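Can you build the whole structure from these sequences, using the hints too?
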Amino acid sequence: MRPVRLLVAEGNPPKMRERHAAVSGRTPSQFYADVLAMLAEDLGVAAEIDICFPADQGANLPGGDLAGYDGVAITGSGLNLWKAEPESLAQVEFARAVYASGLPFFGSCWGLQVAAAAAGGEVKLNPQGREIGIARSIRITDAGRGHPLHADRTEVFDAPAIHSDEVAVLPPNATVTATNELCAVQAAEIRHGKGVFWGVQFHPEYTFAELGGILTRYTPVMLKEGFFREPEEAARYVSDLVALDDEPGRKDVAWRLGIAPSVLDPKVRRTELTNWLRSQVLRTASARGRA
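Residue numbers (full-length UniProt numbering): 1 to 291.
Incorrect hints may have been included.
[Claimed, not checked] The list that follows gives simulated cross-link-like pairs (lysine-lysine, PhoX-like), each with its CA atoms no further than 20 Å apart: (1) Lys124 to Lys83; (2) Lys83 to Lys15; (3) Lys267 to Lys251.
Calculated directly from the structure, the hints in this document are not laboratory data.
Since the structure is predicted, the reported quantities are computational estimates derived from the model, not experimental observations.
What follows is the structure, given as structure tokens:
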């Protein structure tokens with residue numbers, strides 16, 4: 001069985017991903033690639049994964065070379081599409097190229113927003129504010145029931161998340177498959193050109209340690225926005241996340257943070273990524289004689 005070939009697009013420009021790596025040890029794209037490789041192995045296939053940087057000035061993007069891949073995924077990002085910065089607009093153009101290639105396409109958080117914008121949707125600052133830490137009570141919509149993106153999910157679930165923006169205007173041929181009270185589009189399928197995109201506003205790829213590293217960087221913002229009253233309170237929250245990553249069986253920590261057993265299970269947490277690999281990527285690779 002041949003390895004599948006995947007391309008991970010880093011959502012952050014250089015300085016942002018360097019700041020992330022300084023705290024978390026890896027850039028978002030490196031972390032994403034490692035998770036995809038592990039999930040592919042769980043499905044019985046090896047994965048060869050490349051990383052590209054569409055936000056970088058002068059980046060040599062794959063373009064027509066996308067045909068050599070079996071799937072493309074976009075990571076999260078600290079950028080905001082409504083600011084229309086060159087680093088953001090370049091990623092929208094990249095997403096259009098992925099749609100045109102017809103390859104299986106996935107995105108977490110920023111990835112969903114970029115894919116929506118590339119297909120004609122609009123992303124805005126969420127008037128309800130930031131969703132950070134754990135997104136609560138995400139509910140599968142009527143259209144999402146039976147959709148392979150959410151196979152094996154319970155109808156209501158929680159998930160790691162961090163975002164202040166949302167898909168405010170859906171593009172044509174988009175189907176919302178999950179929602180919650182704070183963000184109307186928690187997951188969606190978007191059909192555009194030759195392509196089909198599956199994406200989520202939350203972060204199925206995150207570990208609690210990764211989330212803790214991000215919240216460490218976001219502590220000044222969270223203090224300003226009222227999530228914590230004192231830096232020490234934020235530090236305790238992050239410490240609990242890291243402890244839970246080391247010992248998922250810490251019932252006391254899970255209770256204190258209000259984290260459900262299903263969120264503690266990495267296989268359940270990464271349901272949508274696994275389903276994309278199984279239903280979209282492996283099917284494409286098999287049709288092309290790769291798997």
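Here is how each hint holds up against the structure:
About 9 Å separates the Cα atoms of Lys124 and Lys83, which keeps this hinted pair within 20 Å; it holds. Restraint check for Lys83 and Lys15: satisfied, since their Cα atoms lie roughly 18 Å apart, inside the 20 Å limit. Note on Lys267 and Lys251: the hinted pairing holds, with a Cα-Cα distance of about 19 Å set against a maximum of 20 Å.
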